[in-house]
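Student: Sequence:
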Amino acid sequence: MVEELRKRIIYLIFYHKRGQGALYRTHLYNTTMAPGGSVYKEALLSNSTGFYEVIMAKVEAGSNKPAKATSGSIGKYGIHNSNGVYELLECPVCTNLMYPPIHQCPNGHTLCSCCKLKVQNTCPTCRHELGNIRCLALEKVAESLEVSCRYQSLGCHDIFPYYSKVKHEQHCRFRSYDCPYAGAECSVTGDIPTLVDHLKDDHKVDMHSGCTFNHRYVKSNPQEVENATWMLTVFNCFGRQFCLHFEAFQLGTAPVYMAFLRFMGDENEAKKFSYSLEVGAHSRKLTWQGIPRSIRDGHRKVRDSQDGLIIPRNMALYFSGSDKEELKLRVTGRIWREE
Numbered sequence: 001m002v003e004e005l006r007k008r009i010i011y012l013i014f015y016h017k018r019g020q021g022a023l024y025r026t027h028l029y030n031t032t033m034a035p036g037g038s039v040y041k042e043a044l045l046s047n048s049t050g051f052y053e054v055i056m057a058k059v060e061a062g063s064n065k066p067a068k069a070t071s072g073s074i075g076k077y078g079i080h081n082s083n084g085v086y087e088l089l090e091c092p093v094c095t096n097l098m099y100p101p102i103h104q105c106p107n108g109h110t111l112c113s114c115c116k117l118k119v120q121n122t123c124p125t126c127r128h129e130l131g132n133i134r135c136l137a138l139e140k141v142a143e144s145l146e147v148s149c150r151y152q153s154l155g156c157h158d159i160f161p162y163y164s165k166v167k168h169e170q171h172c173r174f175r176s177y178d179c180p181y182a183g184a185e186c187s188v189t190g191d192i193p194t195l196v197d198h199l200k201d202d203h204k205v206d207m208h209s210g211c212t213f214n215h216r217y218v219k220s221n222p223q224e225v226e227n228a229t230w231m232l233t234v235f236n237c238f239g240r241q242f243c244l245h246f247e248a249f250q251l252g253t254a255p256v257y258m259a260f261l262r263f264m265g266d267e268n269e270a271k272k273f274s275y276s277l278e279v280g281a282h283s284r285k286l287t288w289q290g291i292p293r294s295i296r297d298g299h300r301k302v303r304d305s306q307d308g309l310i311i312p313r314n315m316a317l318y319f320s321g322s323d324k325e326e327l328k329l330r331v332t333g334r335i336w337r338e339e
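Mapping of the sequence shown onto UniProt numbering: residues 1 to 339, in sequence order.
Keep in mind that the hints were calculated from the coordinates and are not lab data. Please note that the accuracy of each hint is not assured.
Derived BS3-like pairs (lysine-lysine); straight-line CA-CA distance at most 30 angstroms [said to hold, decoys possible]: (1) Lys167 / Lys140; (2) Lys118 / Lys140; (3) Lys328 / Lys204; (4) Lys272 / Lys285; (5) Lys301 / Lys200; (6) Lys285 / Lys271; (7) Lys301 / Lys219; (8) Lys271 / Lys204; (9) Lys167 / Lys328.
Ranges of calculated distance between the beta carbons of each label pair, as one might list FRET restraints [stated by the list, open to error]: (10) Thr332 / Leu117: 28 to 38 angstroms; (11) Gly239 / Asp158: 24 to 34 angstroms; (12) Gly183 / Pro100: 38 to 48 angstroms; (13) Ser274 / Arg173: 19 to 29 angstroms; (14) Gly321 / Gln170: 25 to 35 angstroms; (15) Cys126 / Cys186: 12 to 22 angstroms.
Positions of the beta carbon are idealized from the N, C-alpha and C atoms, including for glycine.
Start from the sequences and build out the full structure, keeping to the hints where you can.
Tutor: And the structure:
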């Protein structure tokens, strides 16, 4: 495997995929256009050789380590090659996989474009000035690789060309979900069963079964909404989970209350359901009907889109009765499956 990769790197350094000159022949052409062409040519060849030595040192070092993946198996990052290939594409600064443009210093050390901005144009390996050298050879090595999705352990078994991996993972239906709890900076992620247990055990969220609900929300001192009050209830309905949110916040300069439903799953599944909400008293009521939003959409995104039942504070206090010192609202609703 190492010998095969050695040949591939040599090929990519000196030849284009179609057999035309890439680095070497382009550099050779440039020598006819610049003063001191022979010296320039030698410097370029030296840099290419330096890059080759750096790359092969990484490959051979990787082949001497305990195997992280056998030939044909999936190693770190899901790359379907073994014996140190992924070390070539690992940025030495952030340790993430590198994507074009991949940069290198004159001695052949590589790093990703994001980290190049952070190191103030100084190679983190040899402290040499970086300049603006693109590592085209390594970019072509990456182009020949196939990788699996990072969410393979969660059920995604598709294989992709290296440069398609990131785009796929941004929309992979198996990717982890963020905790839907609002009002706290919660960094927990996971699949739906994990998050349901997390909400119940760690956030002490009320859990209910059934597709209809009748909730009474009470808030002291309703004149203050600067410090927003969040409430969350999880419903198990049709074998799926739904999050009912109720909160107070400022909509522009107007204090309002809002109730909305989010579906614990992807957007395409959420569209299979609808829900309605109703609040009222004294022979008056406000109603809302819509499609639950997926928890892929952050809580703040849904709230700011006003995709739910919005109750102005004056109307909420009217529904509460004559007592202006405490808010008492009863919100009813139901969830149904669209045929």
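Student: Against each hint, give a clear statement of whether it holds in the structure.
Tutor: Now for the hints, and whether the structure bears them out:
no.	hint	result
1	Lys167 / Lys140	holds (19 angstroms)
2	Lys118 / Lys140	holds (25 angstroms)
3	Lys328 / Lys204	holds (22 angstroms)
4	Lys272 / Lys285	holds (27 angstroms)
5	Lys301 / Lys200	holds (24 angstroms)
6	Lys285 / Lys271	holds (26 angstroms)
7	Lys301 / Lys219	holds (24 angstroms)
8	Lys271 / Lys204	holds (28 angstroms)
9	Lys167 / Lys328	violated (47 angstroms)
10	Thr332 / Leu117: 28 to 38 angstroms	violated (54 angstroms)
11	Gly239 / Asp158: 24 to 34 angstroms	holds (26 angstroms)
12	Gly183 / Pro100: 38 to 48 angstroms	holds (41 angstroms)
13	Ser274 / Arg173: 19 to 29 angstroms	holds (22 angstroms)
14	Gly321 / Gln170: 25 to 35 angstroms	violated (49 angstroms)
15	Cys126 / Cys186: 12 to 22 angstroms	violated (42 angstroms)
Violation of the numbered hints given earlier is confined to hints 9, 10, 14, 15; the remaining hints are satisfied by the structure.
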